[in-house]
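Visitor: Take a look at the letters that make up each chain.
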Amino acid sequence: MKKIGIPHALLYWYYVPFFRTLFEELGYEVVISKETTKNIVNEGIKYSVPELCAPIKIHNGHVSTLLDTDVDYVFIPRFVSLRKYEVFCPKFMGLPDLSLHSIPNMEKKMLTCDIQVRKENIADIQTYQSLMETLGIEKKQFRRALKAAEQEWTASRRESLSRGRESLNKKDSIHIGLMGYVYNVYDKYLSMDITKKLEDMGIVFTTFEMIEEKDIYAETAKLDKELFWTFSNKVLGAGLHLIHNNLIDGLIHITAFGCGPDSFLGKIFEIESGEAEIPFLTIRIDEHSGENHLITRVEAFVDMLKRKKSGVFI
Amino acid sequence: MKISFPYMGPVILYQKILEKFGHEVVMPIRPNKTTFDLGVKNSPEYACFPFKVLMGTYIQSCERGVEVIGTSGGHGPCRAGYYGEIHKRILKQMGYDVEFIIFDSVFRDSKKFWGQLKRITNHHNIFQAIPTFIYCYKLLQTIDHFEKRITRIRPYELVKGSVDDAWDKINRILSQTNNKEELFRDTEICNKMLDSIETFTIPEEEKLRIGIVGEIYVVMEPSVNGNIEKKLNDLGCETLRSQYLLEWVDYHILPTKSKKQHELDIIKKGSEYIKLNIGGHAQQTVGSMVDFYERNYDGVIHLMPFSCLPELVSQSITNTLSKKIPIMTLSLDEQSGEANNQTRIEAFVDLLRNRKMKKSRTA
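Taken in sequence, the protein lines are chains A and B.
Per the working numbering, the first sequence starts with residue 1, numbered consecutively.
Per the working numbering, the second sequence starts with residue 315, numbered consecutively.
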């Protein structure tokens with residue numbers, strides 16, 4: 001059985017049930033790289049241009065560790081667009097090119113396809129034409145696998161959404177909007193496991209994927225001009241939804257050092273949360289770890305929110 | 315109304331056209347240290363350098379009582395397409411009452427586009443500006459011609475500074491012309507002036523030629539890139555940029571296809587390495603690198619603003635390309651220390667010179 005490696009990075013965090021099921025249904029063994037460690041990060045730094053953002057460096061690290069194993073392919077999709085008038089950050093659109101020319105011995109194992117569809121559900125057979133040709137798979141078989149992948153993925157989305165409804169119902173505890181891309185928030189190494197830290201403090205949080213798509217786009221439609229990056233739009237819309245409907249006590253924006261879209265997105269959050277008088281904290285993460293500053297800052301922020309909520313001001 | 319625009323590309327063209335429509339034009343100040351400081355202070359920390367420069371320019375223009383700022387929009391994936399929206403919000407927060415006219419693609423929202431165009435043309439007939447446009451186009455052609463010419467003379471001038479003096483004079487003469495006839499007459503004078511500059515000759519095989527590629531704003535604007543062309547010329551290298559005003563206008567503004575061929579060829583060379591247009595000038599950058607290699611240039615300097623999204627992808631590709639031709643990337647922002655870049659450039663030029671000598675000896 002041939003093996004396909006999937007790097008445990010970037011949009012893996014959003015689409016893993018999809019791609020794993022897809023390749024398994026097609027009869028491949030799927031190898032997912034281990035969760036990010038110091039070694040993987042170092043490996044990534046070795047094969048990346050210094051100025052790239054940490055998530056991309058980590059991605060390169062995962063790819064390079066996968067190449068060291070006996071996989072036959074490493075799957076690096078080129079995400080182009082998921083919605084009309086929206087595109088991805090240039091680094092995603094150039095990801096296969098970037099990896100190919102940065103990581104040695106990549107040519108032979110590279111497996112890629114352009115993902116250019118009109119909705120978040122990426123089970124559109126049109127966009128996988130090149131993948132079918134490379135792997136030599138019949139259309140009928142591929143369609144069946146896509147169907148299964150789609151089911152897995154929608155189930156996981158439904159779960160996120162119900163988690164979101166649940167957390168919005170917990171009225172008495174402090175509620176934080178934790179805004180950031182999936183690969184920044186859920187990568188335990190990169191975010192220093194902030195979700196666990198918040199839970200330990202008894203904080204309820206909502207992330208962007210817990211909010212209904214229609215609520216998100218209702219907010220972005222109110223802007224003079226929407227952002228043009230898919231996930232930035234989602235994060236922005238989700239954040240604004242929480243701010244404008246007064247659903248949260250505070251907003252934390254997690255962003256990677258040097259993230260282009262976030263430099264603008266963060267500014268909009270800063271202005272909007274200021275106008276709505278909702279406390280706002282930016283946490284900037286990169287490949288250098290240092291947990292203590294994160295704990296100190298989050299604790300201070302939470303303490304402030306608690307005082308504000310209880311009405312005791314010092 | 316008092317109108318202004320970013321200091322980018324053919325500013326003189328915007329000025330002449332807007333004046334034709336009866337606006338009071340406030341010419342943006344050429345970016346300087348004060349502009350950078352103002353921009354950096356009021357921009358998001360991780361916005362790219364051109365954003366901060368424009369921010370500074372706008373604030374300076376607002377101080378001089380501008381009511382309307384006209385600028386271009388875009389639809390990604392490069393950040394530049396969203397500049398206007400963020401600038402607008404920041405200026406509003408700072409308390410400036412200024413209206414933004416941001417031109418997006420006519421195909422997205424045609425009603426908005428035509429409305430904006432009507433405001434800019436001040437209800438004049440747009441065709442009235444055609445003679446002005448033709449004159450400005452010729453002017454651009456002339457400026458580009460001289461820009462290219464001086465970088466081929468300056469490395470070999472006998473008296474240091476004589477080319478710079480001539481260039482200043484040329485700029486003054488050209489900006490005083492008002493129509494095509496005057497322009498043709500003065501171009502002759504300027505050409506003669508450059509002909510009269512004394513130069514020394516060196517054999518053809520010892521000449522060093524360096525291409526400059528990268529993000530359009532930092533490549534074209536000497537006040538932002540620390541006048542890199544002059545630095546290289548002073549070290550005895552001829553230079554050629556990947557981006558010139560005229561090519562930009564040809565590709566982006568003119569409707570005719572034939573003029574676009576040069577740019578399309580470059581993009582084709584680049585698409586071998588970057589399959590899709592990923593925004594900005596990444597494909598052109600890579601294409602130009604290949605182009606300079608094919609034209610037997612000795613080296614390429616790649617300029618980009620710090621953390622520029624598309625150019626980071628093209629920088630990643632230099633790994634492969636630098637096996638063919640030496641490439642050095644300089645990333646620029648408000649922190650660029652003059653001495654640091656100077657040292658790196660000198661070292662790079664030394665390397666190229668040694669490489670060339672070694673080659674000619676073995677040949």
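Errors might be hidden in some of the hints.
Below are the EDC-like pairs computed for lysine to aspartate or glutamate, each with C-alpha atoms no more than 20 Å apart in a straight line [stated by the list, open to error]:
#	chain 1	residue 1	chain 2	residue 2
1	A	Lys84	A	Asp215
2	B	Lys452	B	Glu496
3	A	Lys84	A	Glu212
4	B	Lys589	A	Glu35
5	A	Lys108	B	Asp423
6	A	Lys84	B	Asp564
7	B	Lys406	A	Glu270
8	A	Lys225	B	Glu586
9	A	Lys222	B	Asp423
10	A	Lys84	A	Glu213
11	B	Lys637	A	Glu107
12	A	Lys222	B	Glu399
13	B	Lys638	A	Glu212
14	A	Lys225	B	Glu496
Stretch-level coverage of chain B by chain A, calculated; a stretch enters the list once three of its residues show a Cβ under 8 Å from a Cβ in chain A [what the hints assert, rightly or not]:
#	region
15	394-407
16	459-472
Treat the hints as calculated values from the structure; they're not laboratory data.
No residue lacks a Cβ here, since even glycine has one placed at the ideal position from N, Cα and C.
Visitor: So, for every hint listed, does it hold in this structure?
Guide: Against the structure, the hints:
Only pairs whose Cα atoms come within 20 Å are accepted, and Lys84 (chain A) paired with Asp215 (chain A) is accepted, the gap being roughly 18 Å. Pair hint Lys452 (chain B) plus Glu496 (chain B) holds up; C-alpha atoms about 11 Å apart against a cutoff of 20 Å. For the suggested pair Lys84 (chain A) and Glu212 (chain A), the alpha carbons sit about 18 Å apart, so the restraint of at most 20 Å is met. Distance hint between Lys589 (chain B) and Glu35 (chain A) is unfulfilled; the C-alpha atoms sit about 30 Å from each other, more than 20 Å.
Simply put, Lys108 (chain A) and Asp423 (chain B) have alpha-carbon atoms about 45 Å apart, too far for the 20 Å limit, and the pair is violated. For the hint linking Lys84 (chain A) to Asp564 (chain B), the alpha-carbon distance of about 29 Å lies beyond 20 Å, and the restraint is violated. Only pairs whose Cα atoms come within 20 Å are accepted, and Lys406 (chain B) paired with Glu270 (chain A) is accepted, the gap being roughly 14 Å. For the hint pairing Lys225 (chain A) with Glu586 (chain B), the CA-to-CA distance comes to about 33 Å; that exceeds 20 Å, so the pair is violated.
Under the criterion of a C-alpha separation no larger than 20 Å, the hint pairing Lys222 (chain A) with Asp423 (chain B) is consistent with the structure, at around 15 Å. Of the pairs offered as hints, the one joining Lys84 (chain A) and Glu213 (chain A) holds, with about 15 Å between alpha carbons and a cut-off of 20 Å not exceeded. Only pairs whose Cα atoms come within 20 Å are accepted, and Lys637 (chain B) paired with Glu107 (chain A) is accepted, the gap being roughly 17 Å. Between Lys222 (chain A) and Glu399 (chain B) the alpha-carbon distance is near 13 Å, which keeps this suggested pair within the 20 Å criterion.
A distance of roughly 51 Å separates the Cα atoms of Lys638 (chain B) and Glu212 (chain A); the hinted pair therefore is violated under the 20 Å criterion. Simply put, Lys225 (chain A) and Glu496 (chain B) have alpha-carbon atoms about 44 Å apart, too far for the 20 Å limit, and the pair is violated. For the region 394-407 of chain B, the stated coverage by chain A is satisfied: 8 residues place a CB nearer than 8 Å to a CB of that chain, which reaches the threshold of 3. Given as covered by chain A, the region 459-472 of chain B fails the check, having 0 residues with a CB less than 8 Å from a CB of that chain where 3 are the minimum.
The structure fails to meet hints 4, 5, 6, 8, 13, 14, 16 from the earlier list, while all remaining hints are met.
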